[in-house]
Amino acid sequence: MKGTEMAARRRSSEISTLRSLAAWAVGLVFLAPFLWLVITALKPASETFAFSVAPLTLANFQHVLVQVPLLRYMGNTAFVAVVVTVIALVFHSMAAYALARLRFRGNMVILNIVVATFMVSTPVILVPLYIITRQMGLLDSLWGVIVPGIFNAFGIFLLRQVMISIPKELEESATLDGAGYWRKYTGIILPLIKPTLASLAVLFFLANWNAFMWPRTILADQNLWMVQQGLSSMQGQYGSQWHNIAAAAVVVALPTLIMFLIFQRFLVKSIMISGLK
Amino acid sequence: MSATTSRRTQEARAAWAFLSPDLIGLGLFIVLPIVLAFGMAFMSVSGFGAVRFAGVDNFLRLLSDNKLPKALIVTFSYAILAVPLSYVVGLGLALLLEGKVRGGGLVRTMVFIPYVLSLVVVALIWQFMLVDKTGVVPTLLRGVNLGHISWLGDPQFALLTVVGITVWSQAGYQMLLFLGGLGGIPKDFYDAASIDGAGWWRRLTSITLPMLRPTSFFILLTSAMACITGVQAFDLIFMLTRGGPADATLTMPFYIYEQAFTYNDLGYASALTLVLVAILMVAVIATFALTKGARFHEGD
Numbered sequence: 000m001k002g003t004e005m006a007a008r009r010r011s012s013e014i015s016t017l018r019s020l021a022a023w024a025v026g027l028v029f030l031a032p033f034l035w036l037v038i039t040a041l042k043p044a045s046e047t048f049a050f051s052v053a054p055l056t057l058a059n060f061q062h063v064l065v066q067v068p069l070l071r072y073m074g075n076t077a078f079v080a081v082v083v084t085v086i087a088l089v090f091h092s093m094a095a096y097a098l099a100r101l102r103f104r105g106n107m108v109i110l111n112i113v114v115a116t117f118m119v120s121t122p123v124i125l126v127p128l129y130i131i132t133r134q135m136g137l138l139d140s141l142w143g144v145i146v147p148g149i150f151n152a153f154g155i156f157l158l159r160q161v162m163i164s165i166p167k168e169l170e171e172s173a174t175l176d177g178a179g180y181w182r183k184y185t186g187i188i189l190p191l192i193k194p195t196l197a198s199l200a201v202l203f204f205l206a207n208w209n210a211f212m213w214p215r216t217i218l219a220d221q222n223l224w225m226v227q228q229g230l231s232s233m234q235g236q237y238g239s240q241w242h243n244i245a246a247a248a249v250v251v252a253l254p255t256l257i258m259f260l261i262f263q264r265f266l267v268k269s270i271m272i273s274g275l276k
Numbered sequence: 000m001s002a003t004t005s006r007r008t009q010e011a012r013a014a015w016a017f018l019s020p021d022l023i024g025l026g027l028f029i030v031l032p033i034v035l036a037f038g039m040a041f042m043s044v045s046g047f048g049a050v051r052f053a054g055v056d057n058f059l060r061l062l063s064d065n066k067l068p069k070a071l072i073v074t075f076s077y078a079i080l081a082v083p084l085s086y087v088v089g090l091g092l093a094l095l096l097e098g099k100v101r102g103g104g105l106v107r108t109m110v111f112i113p114y115v116l117s118l119v120v121v122a123l124i125w126q127f128m129l130v131d132k133t134g135v136v137p138t139l140l141r142g143v144n145l146g147h148i149s150w151l152g153d154p155q156f157a158l159l160t161v162v163g164i165t166v167w168s169q170a171g172y173q174m175l176l177f178l179g180g181l182g183g184i185p186k187d188f189y190d191a192a193s194i195d196g197a198g199w200w201r202r203l204t205s206i207t208l209p210m211l212r213p214t215s216f217f218i219l220l221t222s223a224m225a226c227i228t229g230v231q232a233f234d235l236i237f238m239l240t241r242g243g244p245a246d247a248t249l250t251m252p253f254y255i256y257e258q259a260f261t262y263n264d265l266g267y268a269s270a271l272t273l274v275l276v277a278i279l280m281v282a283v284i285a286t287f288a289l290t291k292g293a294r295f296h297e298g299d
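Line by line, the protein sequences are chains A and B.
When we follow numbering that gives the first Met the number 0, the leftmost residue of the first sequence carries the number 0, and every step to the right adds one.
When we follow numbering that gives the first Met the number 0, the leftmost residue of the second sequence carries the number 0, and every step to the right adds one.
Rather than coming from a laboratory, the hints here were simulated on the basis of the structure.
Don't be surprised by glycine CBs; every beta carbon is placed ideally from N, CA and C.
One or more of the hints may lead you astray.
What the hints assert, rightly or not - A short, non-exhaustive set of chain B residues, derived as facing chain A with CB atoms under 10 Å:
hint, residue
1, Val34
2, Gly38
3, Leu92
4, Leu95
5, Leu96
6, Arg101
7, Leu116
8, Val120
9, Thr133
10, Met251
11, Phe253
12, Ile255
13, Leu271
14, Leu279
15, Val281
16, Ala285
Claimed, not checked - Taking beta-carbon pairs under 8 Å as the criterion, some of the chain B residues facing chain A (in silico):
hint, residue
17, Asp21
18, Met39
19, Phe41
20, Met42
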């Protein structure tokens, strides 16, 4: 009896060692292409296609930061991402407050319409959205990226799911004190949903930083280009200068990676919630 | 009595006020464009803004457009390959990393990083690794006599390559969703099954998969939508192949963009958009049918 138990335990520890090895192997396979990009960015041009890691150099980074207006593209993108994120969080938390905490006729209808708009992606509305943006005089303007970028059903839906779980009593005592809806929203609800707001902020920032199709469609003036557009344009201009393209790609990816690593916990949680609900 | 009525009205008024910024925005930038797409499909719109009524011209052109069947087949093939493949890879990763793994958190991060990268960076990474003959992948494959393959330049392989790149970039996201789903399955179920002598495969098919049905539904639906109408079907194609070689990777979103902004034919692009929406609807209905609308039990 004792012997079989020990054998079983040994077997299960062998399995867990095997599992760990397999997991690490898979993890490395997934990370390897990005690591290869980073290594390429750090190697001189002559070594681009060689299986070597030394000698490392920062020359490629110096070159692209001076020759390509990457910093300007990053500035434009950061501006768009911050403005969209701030306005979106205010609007979406307001809408979610109404949908989760206020009784009115048509509540479920509105919620369903909001969720349905979640299915509409940029390629589907690309052409009419272009016409609308042109009519508004926002072509070739960062506001043409910002204004349509604010409205996003996912944020409304996620905030509503979180707000609906807040106990009613919290608001009732404030009602007795004569607080209006605005005060209850800002004073009671918003402080309680800070973690969700934080994870949405990271998600929105990343989405705007990584956006390519819409900015490329409406921004022709190179001074207004956003970062993915700028990076993509190197493809033609820089032909096969992969060492420079790699360096630029690392510079462009760095802010998102840093942000992801810092806010990983928040992000992972909100992604898991989005899948469950 | 009248006090409660007026409080009700007040509450409803407040609700609409809170909702109005987002409702106006969603109406103007999502609902209105959909309505406009229908209208514009009957117009001839040049890129410079001249609009004239074109009747069913754009729809007749759909019938005689010999690129359209190609684009439809590409979009269909892309979804039918990438959706199940990334589902299996995502689930496999989640099952592997769900149990005790030394440094499991770090491995999850490593698998998730490709998802955080923009599709432009993803495309550049692979384009570089797949450079004909001298890239890392052809160099490594020389050992097994596959070094001569042009992964993005040969019409036979280009779409498969795009599918592979898609799976690589999305797998981490799907893994996370599956890990969330797996976490929701009570451990007692597995204990009971083990006592009954159920093996690994048996537990997977009779406990894990049925319990994961809501998660599966969500993942299949969102990844099918992403392949058919998502920006990935434009971003990756624009960066990697521009729809080529020989239209082998001409997805509908890329074709629509090309008609609208390369050939300045916004009316015809709108007609194509309607075709795309129709395909999306079919895919959504198919997903509902396959997963039985995310319900837990077969018989419900």
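Hint check: 8 Å Cβ-Cβ cutoff, B:Phe41 to chain A: Result: violated, 13 Å to nearest chain A Cβ.
When the nearest CB of chain A is found for B:Leu95, is that gap smaller than 10 Å? 6 Å, holds
| task | Classify the hint on B:Leu279 as holds or violated, based on whether any CB of chain A lies nearer than 10 Å to its CB. | result | 7 Å, holds
Q) Going by Cβ atoms only, is B:Leu271 closer than 10 Å to chain A? A) 9 Å, holds
Margin query: Next item in the hint list is B:Asp21. Is there a CB on chain A closer than 8 Å to its CB?
Written below: 4 Å, holds
Q) Does B:Ile255 meet its interface restraint, that is, does its C-beta lie within less than 10 Å of any C-beta in chain A? A) Since the shortest Cβ distance to chain A is 6 Å, the answer is holds.
Interface hint status, B:Met251 versus chain A (Cβ within 10 Å):
Holds - the Cβ of B:Met251 comes within 10 Å of chain A, reaching about 8 Å at its closest.
Let's test the interface hint: is any C-beta of chain A closer than 10 Å to that of B:Leu92?
OK, holds: B:Leu92 within 10 Å of chain A, min 7 Å.
A closest beta-carbon separation below 10 Å is what the hint needs, so does B:Ala285 meet it against chain A?
Violated, because the Cβ-Cβ distance from B:Ala285 to chain A comes to roughly 14 Å (cut-off 10 Å).
Q) Taking the closest Cβ pair, is B:Phe253 under 10 Å from chain A? A) Status holds, d = 9 Å.
Please check whether B:Gly38 passes as an interface residue: C-beta within 10 Å of a C-beta belonging to chain A. 8 Å, holds
- chain A contact restraint on B:Met39 - CB to CB distance below 8 Å: It holds, given that the least Cβ distance between B:Met39 and chain A is near 6 Å, below 8 Å.
In the structure shown, a violation is registered for the earlier hints numbered 15, 16, 19, 20, in ascending order.
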